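Asks: Here is what each chain is made of, one letter per residue.
2 protein chains.
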Amino acid sequence: MSSLLVVKIGGNVIDNPHALSQFLQRFASLPQQKILIHGGGKIATQVAAKLGVETQMVEGRRITDQAMLDVVTMVYGGLVNKNIVAQLQSIGANALGLTGADAGVIRARKRAVKEIDYGFVGDVEQVNAEVLAGFVQSDLLPVIAPLTFDASLASMLNTNADTMASAVAAALASRFEVNLVYCFEKKGVLSNPDDDDAVIPTLTPTSYANYKATGVINKGMIPKLDNAFAALQNGVSQVTICHADELTTALQTGNTGTKLTLV
Amino acid sequence: MSSLLVVKIGGNVIDNPHALSQFLQRFASLPQQKILIHGGGKIATQVAAKLGVETQMVEGRRITDQAMLDVVTMVYGGLVNKNIVAQLQSIGANALGLTGADAGVIRARKRAVKEIDYGFVGDVEQVNAEVLAGFVQSDLLPVIAPLTFDASLASMLNTNADTMASAVAAALASRFEVNLVYCFEKKGVLSNPDDDDAVIPTLTPTSYANYKATGVINKGMIPKLDNAFAALQNGVSQVTICHADELTTALQTGNTGTKLTLV
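Sequence lines, in order, name chains A and B. Quick note on numbering: the first sequence equals residues 0 to 262 in numbering that gives the first Met the number 0. Quick note on numbering: the second sequence equals residues 0 to 262 in numbering that gives the first Met the number 0.
If a hint is listed, it holds; no wrong ones were tucked in.
The following label-pair restraints were derived from C-beta to C-beta distances:
1. B:E184 - A:R60: 40 to 46 Å
2. A:G219 - B:N127: 37 to 43 Å
3. A:D225 - B:Q232: 55 to 61 Å
4. B:M0 - A:P204: 54 to 60 Å
5. A:R174 - B:L152: 33 to 39 Å
6. A:T252 - B:K49: 45 to 51 Å
7. A:K113 - B:G91: 30 to 36 Å
By construction, these hints were calculated from the structure, which means they are not laboratory data. Note that the structure is predicted; figures quoted are calculated from it, not measured. Note that the Cβ used here is the ideal one computed from N, Cα and C, for glycine as well.
Generate coordinates for the entire structure from the input sequences, incorporating the hints supplied.
Replies: Right, here's the structure in full:
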């Protein structure tokens, strides 16, 4: 089986043009077949504010009404995605920008309303691994925006990029030896939030449960790690969480970031 | 040689959600292999105004500074393109949204500054027919936004959709028998601008020159027809200009719209 690198790049790098450009240079120079999944960044909030669309957040998650869906479709699917595609193309990487709707690659279902109505937010239902594998095998580099699609509504849906990365990696695990890397603004999962160097080198489901029980791992890291472990449980060979600046080192030496293992 | 239908849909249909939905239904139900190229519509001007970006027009053409380039990248490449892709996917057409940057399908060069500096506006240099043909042959339906790409600038470029349709049709003419249709808000090229039924049924380069000399054909129709004749001269089998509502009739009976022929 040939290998495939699936990288998720967080919104904070998207918000910093210099950091993004540096990251894309490093990413493009990696020899592997690759897929990039990007977060949204703060641009959508800024554009929404200028357009008079109010941003409502509940427990760190954006509520997506129709006006906000239009904004994230513009910003994530248009501005951010095409900016990344143009930069990659200019350095010789044959990037193809996608949302979940394009070629039907990621179908989702609008999240059911329980205590909170998240609006036009999608939970991933199905990744079309055949189409994505076809693009990769045609030497294209899929660049996926955090938007999916519900055919029954004929609507785009705002979707968490961490979840999309996990679902894409898992769907391709029967065709490739998949290496999933979450790149963000920290050096890895930290055992002390005030010490950026206190990286936990490896996590197993057991140690993860202990860190959660003691509150060392909390808040936004929990859904990220749940997604990351789900990928491993669904056949992904390797999952790493590291700083965007250390992607190359993490892949070449393994001596940075947090590695997740099942045992 | 198998046949390929290349359809350009104008901005005025994009601005009318009902008309767009009707058009996409008709378009999707056509049995041929297809490519759709869409215009921009007025949404970009509205979004630009709300964002405080001033729209400057010179001789009917938008001047595209960096702020306006960001707006058209958002609106054409994001909102409009993904709205069309989502609608087509929901009715079973396997749409793939593209800008010129995606998979490097349409490279352009930033227009040189002469009397007017159009800013980030691209003149098409090269269409990657192999990649587009590959998508079509994989039963994908490319939906192309009016944006191209200059690798030397790592920048998206705002580009006229009529020109893109002509260039795409011509580039594919050695691989397919290409039928190019420009759909817009009139029944065809008119011999009297005040009579919407005064459709000129056929135009040759000679009759076109006569209509131009007498001023019957003028203004915005001239670049559209220049693009349309260029496609014929570059091997496209058939070029029709018709109302968006009459696409099916134009293709099935040929008894509507204006047909262009070389002799």
